[in-house]
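Asker: Based on the provided sequences and hints, a complete structural model is requested.
Number of protein chains: 4
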Amino acid sequence: MDTMEMMKSMSMGSEPMNMDAMQECIQAMNACSMAATMCAGTDMAMGSEMAKCCAMCSNMADMADACMRMMMRPMGMETDVMRSMLTACMTMGKACAAECRMHADMDEMCRYCAMACDDMVAKCEAMMTSMAA
Amino acid sequence: MDTMEMMKSMSMGSEPMNMDAMQECIQAMNACSMAATMCAGTDMAMGSEMAKCCAMCSNMADMADACMRMMMRPMGMETDVMRSMLTACMTMGKACAAECRMHADMDEMCRYCAMACDDMVAKCEAMMTSMAA
Amino acid sequence: MDTMEMMKSMSMGSEPMNMDAMQECIQAMNACSMAATMCAGTDMAMGSEMAKCCAMCSNMADMADACMRMMMRPMGMETDVMRSMLTACMTMGKACAAECRMHADMDEMCRYCAMACDDMVAKCEAMMTSMAA
Amino acid sequence: MDTMEMMKSMSMGSEPMNMDAMQECIQAMNACSMAATMCAGTDMAMGSEMAKCCAMCSNMADMADACMRMMMRPMGMETDVMRSMLTACMTMGKACAAECRMHADMDEMCRYCAMACDDMVAKCEAMMTSMAA
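Residue numbers (our numbering), protein chains in the order written: chain A, 1 to 133; chain B, 1001 to 1133; chain C, 2001 to 2133; chain D, 3001 to 3133.
Simulated from the structure, these hints should not be mistaken for lab results.
Take the hints with a grain of salt, since some may be wrong.
[Stated by the list, open to error] Here chain C is said to cover these stretches of chain A; the calculated rule only asks that three of the stretch's residues, wherever they fall, bring their Cβ under 8 Å from a Cβ of chain C: (1) 41-49; (2) 53-59.
[Claimed, not checked] Simulated restraints, written as ranges between beta carbons of each label pair: (3) D:A3098 x C:K2094: 41 to 47 Å; (4) B:M1102 x A:A122: 35 to 41 Å; (5) A:E125 x B:K1094: 21 to 27 Å.
Please read all numbers here as calculations on a predicted model, not as lab measurements.
By construction, the Cβ of each residue, glycine as well, lies at the ideal position given by its N, Cα and C atoms.
Answerer: This is the structure in structure tokens:
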């Protein structure tokens, strides 16, 4: 079984989306959500200097999950809602990556998480561009 | 025990927020999330003409939950991230209310859900205004 | 609008449930989820001695949310699934309350959270009893 | 970046777990959550005969997410809580797979989802066995 294979068989609702862009976006959000959950989980053991990182990564994971699920429900898609969700996810992804990058030298998890956020932001940008076309 | 009482004892991070506006926002998002989850749960039994309503309400519940949790993590708040999250939540709330209102005459759950979305949007607007001050 | 009012208008699926017990359960899970999210959010600022509390409260919030949503989807209820979900939620609630109670003297949030967990466990027990009847 | 690579760098808390079993479990829960979300999203368009499938898959996705996140927070692990969570996830996975399999012939998404549930149940069983050792 392959999740990407499943996505190809999703029938779309009234607003057709670029399926390739959407699949890459879902995959990047999924990786970002997992990375951020693990980063927050690791931060918990590291003391109060990681408090902001822990909270931002927890927020990031919740938002990536909400966004991802929206893209897996073809019947509920509306372009303007999707745009505002992607915008919020990208804004949070940039802020979370900036925070994680501040302690990426001493924490491997933060380095991974910053990369996962960056990749997610890039895939959201590509998705936004595909929607404008 | 009173959730609102708890919120008052949340210590804030570096970016002070209007706690009254935030508490009302959290409460309205919580009611909206529950209403939307129940509306979607009811839609499932009602056939394909409720497909869009079911998907949009499921999205609404996920987004309200993500937004609400962000506001309950004081260490991770950044004004620009919060603004983009509130904007996305309001955009989705308006779209979800519009959809639910289309079948509010025949479905009590949709009528409730539209009202919960409207109230949540109003509380987010008040929160946005309080952040600009 | 009143969430409890909405619940009363939920039509049930093939397996009838005690609606009073279920409504009290949903309400207690909701309060528990919010208390645990705020407790974890506060723990993040308090250093590594609160690491276990922060992780357990985060788990508690996720589980209470999952359980609550299940009870708001009448079409998907199966008695054995519901029993195992309630059992897991109660097991976690007891462990989370025990952890929170260890630092309830110095942290108001932990005291509230332990109470919310206890109340949730009691309401789940009542729900389990009503299902056996 | 590789999520599995990240998991290897998670430091464990006081209760050591079999990391190979846990990683396979997390991966299977993630695939199951995505499959169930897409299956529910597809069901929404298919009418009331898919109501139960839609509700059960929505429950499945929420529970797999809650379970997965718990396993990505090493500081909060307690053996008895984890056992009851895995048991609930497996009970739901079996029920969801049984429901999906009933319409697997006419719906590709249900066939995928049943397979993802089966695989998740198998990985949870292996994890339970590793915890007994």
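Asker: Determine for every hint whether it applies to the structure shown.
Answerer: Structure-based check of all given hints:
no.	hint	result
1	41-49	holds (count 7)
2	53-59	holds (count 3)
3	D:A3098 x C:K2094: 41 to 47 Å	violated, 30 Å
4	B:M1102 x A:A122: 35 to 41 Å	holds, 37 Å
5	A:E125 x B:K1094: 21 to 27 Å	holds, 25 Å
When each numbered hint is compared with the structure, a violation occurs for hint 3 only.
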